[in-house]
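Protein chains in written order, with the working numbering: chain X, 1 to 143; chain Z, 1 to 520.
No lab work stands behind these hints, which were simulated from the structure alone.
Some hints could be false.
What the hints assert, rightly or not - Under 7 Å between C-beta atoms, here's a sample of chain Z residues computed to sit facing chain X:
1) Y150
2) G157
3) G159
4) V170
5) V171
6) L180
Claimed, not checked - Now the in silico label distances, taken between C-beta atoms and shown as ranges:
7) V418(Z) - A120(X): 33 to 41 Å
8) G491(Z) - L83(X): 46 to 54 Å
9) L117(X) - L205(Z): 50 to 58 Å
10) P270(Z) - T100(X): 47 to 55 Å
All values reported here derive from a predicted model rather than from experimental measurement.
Note that beta-carbon positions come from the ideal geometry of N, C-alpha and C, so glycine has one too.
Now for the letters of each chain:
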Amino acid sequence: MTANLALVLTASVLVAAGVYLVLERSLTRVLIGIILISNGVNIAFLVAGGPAGGAPIVGVTEPARMSDSLPQAMVLTAIVITLGITAFLLAMAYRSWQLTGHDEVQDDVEDAAIRRLAVADAESRSYDDGDDDERAPMPEARP
Amino acid sequence: MTAASLVPLPVVLPLLGAGVALALGRWAHAQRAVSVVALSASVAIAAILLVSADSQGPLVVWIGGWPEPLGISLVADRLSALMLLVSATVTLAVLVYSLGQGVADGTRDTPLSIYHPTYLVLSAGVANAFLAGDLFNLFVGFEVLLAASYVLMTLTGTGERIRAGTTYVVVSLLSSLLFLTAIALVYAATGTVNLAQLSGRLADLPDGVSLILQLLLLTTFSIKAAVFPLSAWLPDSYPTAPAPVTAVFAGLLTKVGVYAIIRTQTLLFPDSPLTDLLMWAALLTMIVGILGAVAQSEIKRMLSFTLVSHIGYMVFGVALATTAGLAGAIFYVVHHITIQTTLFLVAGLVERRGGSTSLNRLGGLATASPILGVLFFVPAMNLGGIPPFSGFLGKAGLLQAGVAADRPLAYLLVAGGVVTSLLTLYAVAKAWNLAFWRAAPAEILEPAGTARGSADEPGPPPATPVALPAAMVAPTAGLVLVGVALSVVAGPLFGVADRAAADLRERSPYVESVLPGGVP
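This is chain X alone, in the form it adopts within the complex (with noise of 0.2 Å):
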């Protein structure tokens, strides 16, 4: 099989600068990011299908030219699935943003647990060493 070399470059610039989205911390960045991969795969899937063809259409082009459908029918239902979780995903985004003013991705409740025990412990008795320079206090968690 030979593969387009173009479609392999495309869909791996999508999937980089996709993954670079994802690791953002707003979420609508993160929804970006996802359709950027989720379009870098779609486009795999045309790689895999094989040298383009002709419309497989019976009549209207001889069998050994028709372009391979099935992974096109395969991306056509994955489309459609990443529409619809986008769309939960908006929602999801406009939701945060009405309840706390933005839609950063929030820490696990046990993280912020464990960092307020932390900046508990810095500023107990028991750890000062009568050098309060060097100690930055930690940053808040975040409400």
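Since chain X is already given, all that's left is putting chain Z on it; use the hints.
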């Protein structure tokens, strides 16, 4: 064959029911009736499928009547049918529980008119994943159940649930994208996504290519199954959902991942069991998970950590790649679906009766509500692996298989399994002592800085103890009894698990019944 024509029904019936329930959104009674009927029918059909798959071999349906390798196939072999039966039973019990909760809360259309349709879609997705005969249909099954789970997870859209739901949705989406990538690569390498066809074609690939495909699929399913390095999302997101939702998630969703691991490992990659890698993953899952559970002071979070931890037992059985190991894993999945769901339902009852699930605030529940004490104690001991119960039998089966493997790493895992079992017992015994056995706390304040209540629950927390509605206790008691019955029928159940594992190792029963004309 008539039984084969039943195979699509566990997927179709709940989906149809979901549509009808959505249309009946204004009539809560009709909606409830539709849900109960659809899920009861699923249980009955799953039982018939299990009996016929056990006696006649795998049942196969090619949807739409396409010629054999082209269409979409649904396959119910022993493993699929067994999983289907257990999952349908548990889903039905949880549905009845949530009905009881809705009636008890006095709101006629509770929890929400969207709850029933979504719940039915979830069960259709689970059934589709169990029955899927090709990778892409497995993906669709996963997506259906995940999309439904996103909605159930964020039901009512409170701040806490949106926060936990964000992590859950994003992690699940990334695993789905990984799965899609794997499917694209599998198709590019072999030209098919049908599992039976793949079982022949993947063997012809160069080792490196096949290993990459295997690792991609394994990573995908490990995220869904919450195997250790990929498990961090679970304990954070599950406890915030409503009790029945958490119960069904804990029972089913991770087990669908485990099922997919079992299926792909045995059917697609039998020559590369990756025993060492999976064993380390299993060991770390067990130990890290249970240490998390020991550290928790909140029942739902503690149970979520034991859930992660006990996934390790199943991965251990898969890693052994022997018939005994697989049989142990299958038995353990059945046991764990039932018990974990029961415990989360009981946690919901505790929250209702005691007004909290924090062990720092609970106390004296054994005298306040003896029946709740029994309902918690029996499955908790079952989970901890006390002898007469199925938890002990499942662990014993796995440990025997581990000893029979006779490798240093397998012995290490046997030791790890015993330690995990003891620590599980410690964790649930701690919960029992604090919440049930000690005197009711007059006024126990949580230590400053760790205060975390169930503030996301709408309405004021019940200051005075409320009586438990019988409609919630009955399904919980039913599931407790099912859990106990698992040890009564352990012999036949192990028999089915053994035969299912032998089929999986053999591969030919599955492949030959899907493609009777030979692998094209």
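Results of checking the hints against the structure:
Proximity of Y150(Z) to chain X holds as hinted, the smallest CB-CB distance being about 6 Å (cut-off 7 Å). A hinted interface residue such as G157(Z) counts as satisfied when its beta carbon comes closer than 7 Å to some beta carbon of chain X; here the least separation is about 5 Å, so the hint holds. A hinted interface residue such as G159(Z) counts as satisfied when its beta carbon comes closer than 7 Å to some beta carbon of chain X; here the least separation is about 5 Å, so the hint holds. For V170(Z), the interface hint holds, since its Cβ comes within 7 Å of a Cβ in chain X; the closest pair sits about 6 Å apart.
Using the Cβ-Cβ criterion of 7 Å, the hint placing V171(Z) at the interface with chain X is not satisfied: the shortest such distance is roughly 11 Å. At a threshold of 7 Å, the smallest CB-CB gap from L180(Z) to chain X is about 5 Å, leaving the interface hint in force. Checked against the hint of 33 to 41 Å, the C-beta distance between V418(Z) and A120(X) comes to roughly 37 Å, which is consistent with it. Checked against the hint of 46 to 54 Å, the C-beta distance between G491(Z) and L83(X) comes to roughly 50 Å, which is consistent with it.
At roughly 51 Å, the beta carbons of L117(X) and L205(Z) sit within the given window of 50 to 58 Å. Taking the beta carbon of each, P270(Z) and T100(X) are about 50 Å apart, inside 47 to 55 Å as hinted.
Going through the hint list in order, the structure does not satisfy hint 5, though it satisfies all others.
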